[in-house]
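Chemist: Chains as they are written, first to last, in my numbering: chain A, 104 to 400; chain B, 9 to 555; chain C, 477 to 787.
Just so you know, the hints here were simulated from the structure itself, not pulled from any lab data.
Quick reminder that beta carbons are idealized off the backbone N, C-alpha and C, glycines included.
Do not take every clue at face value.
Unchecked claim - Derived pair list, reagent style DSBU-like, types lysine-lysine, alpha-carbon separation capped at 35 Å:
#1 LYS598(C) x LYS371(B)
#2 LYS598(C) x LYS697(C)
#3 LYS534(B) x LYS515(C)
#4 LYS186(B) x LYS687(C)
#5 LYS323(B) x LYS515(C)
#6 LYS515(C) x LYS249(B)
#7 LYS135(A) x LYS515(C)
#8 LYS687(C) x LYS133(A)
#9 LYS371(B) x LYS323(B)
#10 LYS598(C) x LYS135(A)
#11 LYS308(A) x LYS515(C)
#12 LYS598(C) x LYS133(A)
Said to hold, decoys possible - Covered by chain B, according to a simulated footprint, are these stretches of chain C (three or more residues, beta-carbon under 8 Å):
#13 495 to 505
#14 515 to 523
#15 623 to 637
#16 730 to 739
Stated by the list, open to error - Pairwise CB distance ranges (calculated):
#17 ASP679(C) x VAL213(A): 30 to 36 Å
#18 THR174(B) x MET535(C): 17 to 23 Å
#19 ASN342(B) x GLN520(C): 43 to 49 Å
#20 LEU251(A) x ARG527(C): 25 to 31 Å
#21 GLN405(B) x ARG701(C): 27 to 33 Å
#22 TYR536(C) x ARG497(B): 55 to 61 Å
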Amino acid sequence: MTDTTTPDNLLAATPKGVSLWQDAWVRLRKNKLAMFGLGFLGFIIVICILAPWITPYGYEDQDLRLGASAPSAAHWLGTDTFGRDLLTRIIYGGRISLAVGFIATSVALVVGVTYGAIAGYVGGRVDSVMMRLVDIIYALPFMIFIILLMVVFGRNLLLLFLAIGAVEWLTMARIVRGQVQNLRQQEFIEAAISLGLSPAAIIRKHVIPNVLGPVIVYTTLTIPNVMLLEAFLSFLGLGIQPPNSSWGLLISYGVESMEEYPWLLLFPGFALTLTLFALNFLGDGLRDALDPKASRD
Amino acid sequence: MTGNIVGNWRIGLVAAVLLLLVGCGGGEDGLTRVQQGNLDGVLHFGNGTEPEGLDPHIVTGVPENRIVSALFEGLVTKNPETLEVEPGVAETWEISEDGTLYTFHLRDNARWTNGDPVTAVDFHWSWNRILEPELGAQYNYNLFPVVNAEEYANGTIEDFSQVGVTVLDDYTLQVQLKTPTPYFLQLLDHYSTFPVHRPTIEAYGTMSDRLSPWARAGNMVSNGAFDLTEWQINSHIRVEKNDTYWDADEIDLNAIVFYPTENLVTEDRMFRDGQLHRTQEIVLDRIPVYRAERPEIVHIEPWLGTYFYMFNTTKPPFDDVRVRKALAMSIDRNLLDESVMQGIVEPAYALVPPGTLGYQPPKTFEQSADRARELLAEAGYPNGEGFPEFEILYNTQESHRRMAVAIQQMWASELNIMVTLVNQEWKVYLENQDNLNYDISRRGWIGDYVDPNTFLDMYVTDGGNNKTGFSDPRYDEIILREAPATLDRDARYELYREAETILMEAMPILPVYTYTTKHLIDPSVKGMPVNIMDHVNYKYIWLDPDA
Amino acid sequence: MWRFIAFRTLQAIPVILTVITVTFFLVRVAPGGPFSSEKAVSPQVEAALERQYRLDLPMYQQYFTYLADLAQGDMGPSFNFPGQRVDELILQGLPITAELGLYAMLVAVVIGVLAGVIAALKPNSIQDYIPMSLAMVGICMPTFLLGPLLVLVFGIWFDWLPVSGWGSSPGDKILPSITLGAMYAAYIARLSRSGMLEVLSQDYMRTARAKGLPGHVVVIKHALRGGLLPVISYLGPAFAGLLSGSFVVETIFQIPGLGRFYVQAAFNRDYTMILGTTTFLATLIVLFNLLSDFLAAWLNPRLRYQFSKGK
């Protein structure tokens, strides 16, 4: 039986660092749900990229006389109040939602994990100052901040991603910091310090792999959050403007007429939920695969 | 052992939560709020947004107006059916031959809620208050037809006795106007001209103190048919029948409860759940459903307001009238009405809504995509080639979005020009309009009183509400000098038609449709006719539980 | 431990002061003033309004008068509601939002922890998949969708519960509490599942089981404590977020809470109200973060040891 908490194993594990990902991949491939999630995501991404070749309609093509119509042979998922093909709008909306989801979450992930890891690892006064800064940003009136951004920089998709990332990293930082603080007290880290490893190396080689579990779980929780936040910001005027759309926006329009035209809510809702399910399966699989303790199996 | 206790504790907690949830939901006690209200004579009124205040001289909004007009009464009121002026605090009045001197005879039985008589002195003091420069009353201009009122409000004269308002005796008030202003009586039903109770205001602050709490429930003394009894912000405002009101015998309602209903879907659900007698709006997509299922509750009527787009005429290519006309002509207003607006509005081709007390606006253009393409070619953009990309600015709201999306597509398909939509939060939108920082912007205007002037005076040169850069000397001459001095209604309307023709030939604005008011009204509500001012006169309303 | 608490509490002061300062200047540079409206306002009227609200003073002077007033507990007059004071309005909305938040939190913690623990006990079985799928749906379902949906089903179709109001008719607190709590329940379910899994796989858990302790004792006495750590550190920010995020629920259900004041203030550029609610919210956030740190410390023996040493 090997145990990650002994120094011997620690030394043995260090040169093996490169193969951590290879190991993980091997384990991930055994996880059927995770592979299904990966496959589904790949499928959605391909559809979104190939959108113009998949659907005969343009996402902005209106047929005002047709108006909102239920699913039919011509329009598989029906049309919205402008007579626009819903399937087409969902596919094009997916481009934006997925882009926002991945980019903004990556921003939140990188900033949040780095920030939280440093605060939790260094501790003491640095930690205090860093976490108070998080408190301050957290408390500022987000909407005023957004309105200002909108005015100073104009409408800009990149800005939208940044604005979303700028809020989402805060919680990530708090979670990572808590975990790292916890880890910091454990013997194997103290052992690594006494072995003279540099803090950067310790964070990279020992701390981050060990906080990956909660980070991945929280990331899968962040993606839906980010996609819905995008809908809110677009609604306020920052971000995407009609006739462009996203899943979040399609859902929020669908809510308005859920009794009259339920398909306008149902199908975008399915698209979002299924994608998030897939992401989630993949996330869980990754978490298990990357778990350092799992190697004992 | 330990495990059992903890386990039991956990089961207990779950049970407690379930009990709490189920216990709270012990079902309805038979009657809905509306049914109970019908029995008690209480009207439950969906009022749009939360009022900012109830001081008649400070508030500026329509939701405020609907409450203030239940609490206060001016010299005159309006008949909800015809919108003709009816006696209010003034029992009778005379107008001099030249139309500039008004003498009001106040009734001697008008009372404040504390029993004090309402006198001419009250009106004199109240009008002094709203014109007081330090109060900063946004609607003080409603009294500007009065001699020296504008000068006093601007601080150019400091002695209020020079303003043309004179107390002849306790029950006689004389008003001297600068020019015969034919719609002056109409203004006296506006809350800015309502009387306020001097001792109450002075008990809580000074005459020009905006921040005083006198207008809160418990402090307020008013003179209308109802008395303010409860005000919980963002929840409800309750007013009850005022027994000291001079016409109290004629009031059927015992109380009115006003609810802020910002969220249309919530308001709709409240109505269906029997919580409201009347809604402020109807969700557009539900109109066909209600029309099919319960046509008796749907009340959709023309409104004194116009929905339009305006051009920034200082910015190319919109400084070219041919471009403005091309854009205006290429829109299929009937199709917009049928599809986007569920067929409930009238297409508009001019600024003033038709039928404003007999006024008919000119129709200077018609929908014609062919003519629009010709004009665009003449302006140097054949088939839309080389036309710069531009933006439509609108404030964040579902119905504005829908309209913009449809118009965007019409311009793209008819004229082959590309336009981007920009929705902005209300205050940002206003700021960009004020600074002429836009290409084309959505706008709406609701008349303050029933006269074309309330629309046409927006477009005088450098007028604060102009916001397009439009300027025409002849137009200014008519609106500022000739029309106000013309007593005869037909002659005046002829002048307005000339002015509006000038305006529409220059096309700084692109009219889209004439507004309609949309309300769901429970069949038990009687005596609440819908009119073009969306004006409610609570004196006429009664509830019939059997309807 | 006490030194730590005192130290952290002292740290709150510069945090809140910074929030106030940044917000004060942020709102004043945001486009559109409190008095801009659709109808033009004459320059004379605008000047008078600015005098009434002290906006004619130089910015730094406005700032210091505001701070001086605040120190005396006066948050100033509301710009949007003439005749109302900001402190009064906050006190009016607070109890309602706090009650709503509390019920929502109760819903979230009870449902979330139960679902998470149940799922973690038998990972990768039906007992895991069903609660976790529901949690996933909960996360995907934004408040602005869940609220109207619940209202439609339980308020209109079944007609069991009132569609709006707070404390004005029986049962009107149920739908808002569930709507607000649902998303947090879903988060907590996922966090507690992964936390529990983590702990259950640790050696001391196996030791405990090996010692022959019954399964539920192990779970409750040992695993819950460590497994819920991520949940605890999530709760602090979550509760603060719950209060500021209650806006949507308060709008859907016509609840006169603080969330609506906060958002209305931002839209109306009600400077004093934005500042008042932000200051208040900042205090709450700092407070709850503090509490969740203390709680986490109390639950984590290692950190507790560190505190007792007075580090």
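Chemist: For each hint, tell me whether it holds in the structure or not.
Modeler: Against the structure, the hints come out as follows:
Distance hint between LYS598(C) and LYS371(B) is unfulfilled; the C-alpha atoms sit about 76 Å from each other, more than 35 Å. Of the pairs offered as hints, the one joining LYS598(C) and LYS697(C) holds, with about 18 Å between alpha carbons and a cut-off of 35 Å not exceeded. With a C-alpha separation of about 34 Å, the suggested pair LYS534(B) and LYS515(C) falls inside the 35 Å cut-off, and the hint holds. For the hint linking LYS186(B) to LYS687(C), the alpha-carbon distance of about 101 Å lies beyond 35 Å, and the restraint is violated.
Between LYS323(B) and LYS515(C), the direct Cα distance comes to roughly 23 Å. Compliance with the 35 Å bound is thereby established for this hinted pair. Distance hint between LYS515(C) and LYS249(B) is fulfilled; the C-alpha atoms sit about 33 Å from each other, no more than 35 Å. Of the supplied pair hints, the one linking LYS135(A) and LYS515(C) is violated, its CA atoms being roughly 63 Å apart against a limit of 35 Å. A distance of roughly 33 Å separates the Cα atoms of LYS687(C) and LYS133(A); the hinted pair therefore holds under the 35 Å criterion.
Under the criterion of a C-alpha separation no larger than 35 Å, the hint pairing LYS371(B) with LYS323(B) is consistent with the structure, at around 26 Å. Between LYS598(C) and LYS135(A) the CA atoms are separated by roughly 18 Å; this keeps the pair inside 35 Å, and the hint holds. For a cut-off of 35 Å, the pair hint linking LYS308(A) to LYS515(C) is broken: about 63 Å separates their Cα positions. The straight-line distance between the Cα atoms of LYS598(C) and LYS133(A) is roughly 19 Å, inside the 35 Å bound, and the hint therefore holds.
Look at the segment 495 to 505 of chain C against chain B: 0 of its residues bring a Cβ nearer than 8 Å to a Cβ of that chain, fewer than three, so the hint is violated. Against chain B, the segment 515 to 523 of chain C contributes 8 residues with a C-beta closer than 8 Å to a partner C-beta. That satisfies the three-residue criterion, and the hint holds. With 8 residues carrying a beta carbon less than 8 Å from a beta carbon of chain B, the segment 623 to 637 of chain C meets the three-residue requirement, and the given coverage holds. Here's how the segment 730 to 739 of chain C fares: 6 of its residues keep a CB closer than 8 Å to some CB of chain B, so the rule of at least three is met and the hint holds.
Checking the proposed 30 to 36 Å range against ASP679(C) and VAL213(A) shows it holds: the Cβ atoms sit about 33 Å from each other. The given range of 17 to 23 Å is broken by THR174(B) and MET535(C), whose C-beta atoms sit roughly 45 Å from each other. Checking the proposed 43 to 49 Å range against ASN342(B) and GLN520(C) shows it holds: the Cβ atoms sit about 45 Å from each other. Between LEU251(A) and ARG527(C) the beta carbon distance is about 26 Å. The supplied range of 25 to 31 Å therefore holds.
Range check, GLN405(B) to ARG701(C): about 51 Å between beta-carbon atoms, so the 27 to 33 Å window is missed. The hinted window of 55 to 61 Å between TYR536(C) and ARG497(B) holds, with their beta carbons roughly 57 Å apart.
Against the hints set out earlier in the document, violations occur for numbers 1, 4, 7, 11, 13, 18, 21.
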